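> As you go down the protein sequences, you meet chains A and B in turn. In terms of the numbering used here, the first sequence opens at residue 1 and continues consecutively. In terms of the numbering used here, the second sequence opens at residue 1 and continues consecutively.
Hints may be right or wrong, so weigh each one.
[As the list claims (entries may be wrong)] Below are the DSS-like pairs computed for lysine-lysine, each with C-alpha atoms no more than 30 Å apart in a straight line:
hint, chain 1, residue 1, chain 2, residue 2
1, A, 240, B, 218
2, B, 235, A, 207
3, A, 240, A, 359
4, A, 218, A, 353
5, A, 116, A, 96
6, A, 473, A, 487
7, A, 473, A, 499
8, A, 218, A, 359
9, A, 775, A, 455
10, A, 240, A, 350
11, B, 210, A, 775
12, A, 240, A, 96
13, A, 207, B, 218
14, B, 155, A, 207
15, A, 455, A, 473
16, B, 210, A, 207
17, A, 499, A, 350
18, A, 207, A, 353
[Stated by the list, open to error] If you want the ones that stay clear, here's a sample from chain B, every Cβ over 12 Å from chain A, calculated:
hint, residue
19, 20
20, 35
21, 79
22, 80
23, 115
24, 127
25, 138
26, 169
27, 185
Calculated from the structure, these hints are not laboratory results. Computed from a prediction, not measured in an experiment: that's the story for all the values here. Cβ atoms here follow ideal geometry from the backbone N, Cα and C, with glycine treated the same way.
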Amino acid sequence: MKPEHFSIIIIGAGPSGLSAAVRAAQQNVSYLLLEAAAEPASTIRNYLRGKLVMSEPRALPLRSPLPFTASLRENVLETWERTIAEHHINVRYGAKVIDIIRSEQWLEIELADGTKLTADDVVLAIGVQGNLRKLDIPGGNLPQIQYQLDDPLAYQDETIVVIGGGDSGVENALALTGRNQLMILNRAEDFSNCKEGNLNQLTDARKRGALDWLLETKPQAIEINTSGEFPITVFAKTPKGVERIPCHRVIARLGALPSRPLLESFGVSFPTTDLAALPLLSTHYESNVPGLYIIGALAGYPLIKQGINQGYEVIEYILGNQVEPADTALLRDKFSSFCNDRSVDDVLEKIRKSVPLLKMLSALQLRELVLESNILLPEPGETIFNRNDYSTTFFFIVEGELDVLIDEDDIPDAALKAGEFFGEMALISGRRRSGTVRTKTRCVLIETPRRAMQKLIGSVQSMRRMLDEVAIKTAVHIGIGLSLSEKDLNDIASNASLKNYAAGEELFHEGDEADGLYLIQRGSVTVSHMIGGREVVLFYLAAGHYVGEMSLVSGEPRYATVRAAIETQAVLIEASRMRDIIAHNPKIRSELDARYLKHLQEQENRQQMEVVQESGGTLSQQLSPTSLISFLIQQGVGEATDVLLIDESLCIRCNHCEQACADTHGGATRLDRDTGPIFANIRVPTSCRHCEHPHCMKDCPPDAIHRAPHGEVYIDDSCIGCGNCQVNCPYDVIQMAVVHDQPERSLWQVMLGIQPKTAAKIDGPKVAVKCDMCKDIADGPLCVRACPVGAALRVNPEALLSYASDASGEAILMGSDEV
Amino acid sequence: MQRSNIFDYKHYFFFKIAVVVILLAFIAYLAFEPPLGHYGGSWLGYILGIISALLVFWMTWYGIRKRRYRGSGATQGWLSAHIYLGTALTVLVTLHSGFNFGINIHTLAYGLLLIVVISGFFGNYTYMIYPRQMTENMGEDNLDGLLLRIADADKLARQIALIMPDDINNTVSRACSETAIGNGLLEQLRGYQPNCPTANAVAQLTLMGKDLPSDQRKPYRELYSIMVRRLSLVKRVRQDLMYRARLGFWLYFHVPFTIALLVAMMTHIIAVFFYW
Chain A
1 MKPEHFSIII
11 IGAGPSGLSA
21 AVRAAQQNVS
31 YLLLEAAAEP
41 ASTIRNYLRG
51 KLVMSEPRAL
61 PLRSPLPFTA
71 SLRENVLETW
81 ERTIAEHHIN
91 VRYGAKVIDI
101 IRSEQWLEIE
111 LADGTKLTAD
121 DVVLAIGVQG
131 NLRKLDIPGG
141 NLPQIQYQLD
151 DPLAYQDETI
161 VVIGGGDSGV
171 ENALALTGRN
181 QLMILNRAED
191 FSNCKEGNLN
201 QLTDARKRGA
211 LDWLLETKPQ
221 AIEINTSGEF
231 PITVFAKTPK
241 GVERIPCHRV
251 IARLGALPSR
261 PLLESFGVSF
271 PTTDLAALPL
281 LSTHYESNVP
291 GLYIIGALAG
301 YPLIKQGINQ
311 GYEVIEYILG
321 NQVEPADTAL
331 LRDKFSSFCN
341 DRSVDDVLEK
351 IRKSVPLLKM
361 LSALQLRELV
371 LESNILLPEP
381 GETIFNRNDY
391 STTFFFIVEG
401 ELDVLIDEDD
411 IPDAALKAGE
421 FFGEMALISG
431 RRRSGTVRTK
441 TRCVLIETPR
451 RAMQKLIGSV
461 QSMRRMLDEV
471 AIKTAVHIGI
481 GLSLSEKDLN
491 DIASNASLKN
501 YAAGEELFHE
511 GDEADGLYLI
521 QRGSVTVSHM
531 IGGREVVLFY
541 LAAGHYVGEM
551 SLVSGEPRYA
561 TVRAAIETQA
571 VLIEASRMRD
581 IIAHNPKIRS
591 ELDARYLKHL
601 QEQENRQQME
611 VVQESGGTLS
621 QQLSPTSLIS
631 FLIQQGVGEA
641 TDVLLIDESL
651 CIRCNHCEQA
661 CADTHGGATR
671 LDRDTGPIFA
681 NIRVPTSCRH
691 CEHPHCMKDC
701 PPDAIHRAPH
711 GEVYIDDSCI
721 GCGNCQVNCP
731 YDVIQMAVVH
741 DQPERSLWQV
751 MLGIQPKTAA
761 KIDGPKVAVK
771 CDMCKDIADG
781 PLCVRACPVG
791 AALRVNPEAL
801 LSYASDASGE
811 AILMGSDEV
Chain B
1 MQRSNIFDYK
11 HYFFFKIAVV
21 VILLAFIAYL
31 AFEPPLGHYG
41 GSWLGYILGI
51 ISALLVFWMT
61 WYGIRKRRYR
71 GSGATQGWLS
81 AHIYLGTALT
91 VLVTLHSGFN
101 FGINIHTLAY
111 GLLLIVVISG
121 FFGNYTYMIY
131 PRQMTENMGE
141 DNLDGLLLRI
151 ADADKLARQI
161 ALIMPDDINN
171 TVSRACSETA
181 IGNGLLEQLR
191 GYQPNCPTAN
201 AVAQLTLMGK
211 DLPSDQRKPY
221 RELYSIMVRR
231 LSLVKRVRQD
241 LMYRARLGFW
251 LYFHVPFTIA
261 LLVAMMTHII
271 AVFFYW
């Protein structure tokens with residue numbers, strides 16, 4: 001039989017696919033919408049009941065016939081179902097595509113049930129969530145088996161087997177405890193893949209008898225029981241043999257299949273081997289396979305509105321209509337002050353031509369980049385950013401010249417000109433700016449947010465390489481040789497290599513032969529030395545410093561072990577190169593010598609202190625500064641830029657810190673004073689540490705998490721409440737809460753202890769909340785200022801050591817009065 | 001660790017101010033002998049009185065200030081000033097009185113002020129010793145966590161006790177239901193329950209285990225260890241509540257007597273002007 005033919009086949013009935021189908025229906029072309037699930041929009045259907053579906057970015061106009069506004073999950077789904085009915089959308093549910101082949105004539109599509117279809121063009125809009133791994137065992141398709149937990153409260157008094165020991169499985173199981181009996185089957189020998197918070201809750205729950213688990217266990221089959229209380233029985237293979245588990249329900253959380261192998265099997269190519277890389281697409285969303293278009297999350301556009309617009313556009317493109325993308329208006333707006341006499345495409349082309357780094361991007365990537373960036377037109381003499389600022393944006397120079405000031409004096413140390421870029425150091429290290437950049441002439445700059453840059457670096461290999469090269473050169477320049485000649489600089493940089501270390505990995509070991517100088521580019525390291533058979537941490541060094549110069553100067557073996565405190569990247573300059581340089585440059589030589597002597601002194605002091613502390617009995621040993629450093633680094637302070645500590649020997653448990661926080665932050669406190677590990681009377685409470693590379697920023701669909709110039713990591717109003725950041729934070733400092741303004745209490749209310757009447761607690765949308773270090777409040781963090789006894793303090797870990805050891809540390813304590 | 005505490009805020013800034021204030025007051029007192037001798041109605045007495053009254057109002061304002069989070073500056077500075085200037089106040093009002101005491105409203109105000117200041121001293125003392133002890137007692141646990149663990153222990157103990165002889169079962173269920181934690185202020189301040197049912201249960205269980213049949217020995221041992229754990233948890237919770245109660249107890253004097261002081265002081269001021 002000849003396969004059925006359509007001009008357009010759309011795969012995936014999510015927002016993007018539905019939008020494309022509705023547009024195709026309006027345009028009267030022959031089309032077919034294929035959906036693997038039994039209903040449309042399965043990702044949104046799997047949201048928890050009553051969740052608000054947001055419509056970011058707000059500025060982007062919706063141009064598709066598929067209606068969409070921010071609303072409850074139920075309303076959104078209902079509207080779309082109505083649209084499907086009204087337009088008589090030609091949709092086939094339960095149609096899972098297993099192969100797409102490009103033949104001379106058209107694209108051939110094969111479905112899981114063996115059906116073959118052909119189409120002139122195919123639009124892939126399957127998203128990234130849809131590909132849930134299913135149970136591939138006998139009985140794996142029984143109705144009692146589900147792959148999602150929609151509403152935990154819907155189940156009462158059931159025995160439920162959860163398959164999968166990842167976070168989603170564990171979270172589902174925990175949500176069901178109390179009202180049901182739970183059994184988790186975990187393939188692995190422990191739950192080490194889980195977040196620590198989940199792990200703790202899990203062990204607690206088991207202690208309470210609320211759930212149980214089987215490890216190294218795989219389900220083998222599921223059978224229906226004809227009689228008895230339990231409808232099904234799970235047969236599971238455990239190390240001790242096969243176990244029968246009668247139950248009411250199975251929830252299988254086996255993770256999602258990455259979409260890349262599937263796309264590759266269709267012939268779509270990717271620019272890098274990075275699993276997060278996005279497929280190569282033209283401005284019209286066409287992949288390298290002619291006629292195969294990719295839109296929505298799969299193409300790297302995770303927001304619903306973007307996907308819907310692309311659904312409309314892709315149909316127009318296929319029909320040969322040149323529509324202007326919905327974002328062109330936004331671009332035109334951006335360009336309003338710059339080259340406004342030219343068309344948007346011309347301006348983009350001009351930008352592309354003038355900055356070599358941007359030539360590496362596809363037209364679509366460039367568009368996306370500019371869309372997320374700002375165009376700056378600074379006058380001569382204007383400062384773009386200052387040394388020690390915490391901003392993390394990246395700059396491309398389209399026109400003009402700029403000066404870089406690295407040291408204290410006001411004399412430029414380097415120059416930048418059109419076509420170059422700057423800001424890569426802060427981008428890589430996540431730390432303060434290493435220099436000041438000031439315009440020399442009128443300039444045209446593109447300021448790109450960190451997230452957009454990282455997305456690009458992840459998918460454009462050549463861009464990453466070029467950035468690395470420049471970053472190495474800058475690191476060398478700043479780190480050791482403002483006085484080096486351009487030639488020497490280039491020479492060192494081209495011979496230096498970039499090394500990556502996992503947390504805990506050694507850069508070099510005590511007693512090793514000196515292999516070179518390490519410039520730490522991102523992350524941080526501890527320098528430790530064996531004293532009395534115990535490894536004692538001598539120093540903590542953050543990005544921007546270098547290690548390994550001692551042995552280079554003295555020629556002796558390594559005096560100490562240097563270990564990455566967190567994931568760390570360092571530039572290694574080989575010993576022989578370094579010795580050459582030292583020999584040629586008396587200035588560098590004397591600088592290194594001076595550093596060497598200073599270090600020697602410090603180490604001696606530290607060692608003396610250790611010995612004294614050691615012999616001082618157990619109590620003082622506990623207080624030894626280096627053991628405090630080790631403890632704090634274990635608590636993740638190594639990647640922090642500012643961390644709240646509570647001195648429990650001063651804390652009178654009045655809770656003013658939490659109350660002050662809640663009072664000024666929408667009623668939800670962002671710190672939990674009485675949870676968190678304690679060492680030597682210092683507690684690290686559950687509160688944001690403002691990490692160098694914030695984990696929370698990793699996957700924020702509306703890009704609502706930012707870093708302010710002074711380092712504060714904060715969430716803005718565009719949060720859609722998806723909860724990704726909460727899951728990504730390893731320190732559990734982000735919560736989802738309903739935020740409403742707290743009226744200030746009047747004098748009488750304070751005196752009589754009356755809580756002001758807040759608007760009745762409405763079930764507003766929950767958004768992610770976290771510490772913003774009171775960045776909008778003059779005088780600084782309220783937790784610290786509200787503490788009557790000075791027990792709450794904020795510490796900058798770069799100066800941890802001096803903090804832990806002596807009184808000079810006071811300067812770095814962001815004590816209430818120094819803020 | 002060398003860190004600042006309540007007293008050395010800003011290198012004893014407010015302590016120094018307090019010392020200067022006291023010295024100035026003494027010098028003035030000794031240098032100027034009013035014609036009618038020292039008493040509250042002399043010009044020096046008035047000055048000292050006015051300063052003292054203003055200080056009292058300011059001290060009282062601290063109680064409100066520390067709960068108004070939107071103000072600027074640090075509460076710690078306010079507390080430091082509160083402590084040192086409050087102490088200096090005793091000297092100022094004594095000099096203000098010119099050592100004239102009697103049974104009247106004026107001396108009543110003076111007495112109330114002393115009570116307020118002394119209760120404040122006691123508060124300082126509790127702030128210095130209890131936080132450290134609280135941490136030693138609780139470690140990384142918190143109160144809610146311990147209470148949950150006690151509830152868990154109860155559930156387990158009751159389950160096991162069901163299969164034990166009646167006397168054991170009764171002892172356990174009495175321990176679970178009759179143990180009081182933090183009932184009333186006195187008990188909280190004391191930090192223990194006389195005749196604590198859980199402690200009794202552990203003591204009794206020790207004796208009861210002797211004649212058990214062999215198949216009950218294992219659950220008995222388990223039950224015993226649960227009850228011992230329960231006892232130590234209960235003790236820790238009581239300790240914690242005790243510290244909390246003691247940290248707050250002095251305020252039951254400090255605050256009401258401050259109100260009384262304000263009333264007495266206003267009366268004193270009005271009376272003085274009335275008889276002028």
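> A separate judgement is required for each hint: does it hold in the structure or not?
Hints, one by one, checked against the model:
1. 240/A with 218/B: holds, 25 Å
2. 235/B with 207/A: holds, 21 Å
3. 240/A with 359/A: violated, 60 Å
4. 218/A with 353/A: It is violated: about 57 Å lies between the C-alpha atoms, which goes past 30 Å.
5. 116/A with 96/A: Roughly 11 Å between the alpha carbons, so the hint for residue 116/A and residue 96/A holds.
6. 473/A with 487/A: holds, 11 Å
7. 473/A with 499/A: holds, 15 Å
8. 218/A with 359/A: Between residue 218/A and residue 359/A the Cα gap is close to 50 Å, so the pair fails against 30 Å, i.e. violated.
9. 775/A with 455/A: Answer holds: residue 775/A to residue 455/A is near 27 Å, not above 30 Å.
10. 240/A with 350/A: Given that 30 Å is the threshold and the Cα spacing comes to 69 Å, the pair is violated.
11. 210/B with 775/A: violated, 66 Å
12. 240/A with 96/A: Violated, because 38 Å separates the two Cα atoms, which is more than 30 Å.
13. 207/A with 218/B: holds, 19 Å
14. 155/B with 207/A: holds, 11 Å
15. 455/A with 473/A: holds, 23 Å
16. 210/B with 207/A: holds, 29 Å
17. 499/A with 350/A: Distance of about 36 Å is beyond 30 Å: violated.
18. 207/A with 353/A: Violated: residue 207/A and residue 353/A sit about 65 Å apart, past 30 Å.
19. 20: Fine: 20 Å to the nearest Cβ keeps residue 20/B off the interface.
20. 35: holds, 43 Å
21. 79: At about 4 Å from chain A, residue 79/B fails to clear the 12 Å cut-off, so the statement is violated.
22. 80: violated, 9 Å
23. 115: Answer for residue 115/B: holds, closest chain A Cβ roughly 21 Å.
24. 127: violated, 5 Å
25. 138: Nearest chain A Cβ is 8 Å from residue 138/B, so the label is violated.
26. 169: holds, 20 Å
27. 185: holds, 17 Å
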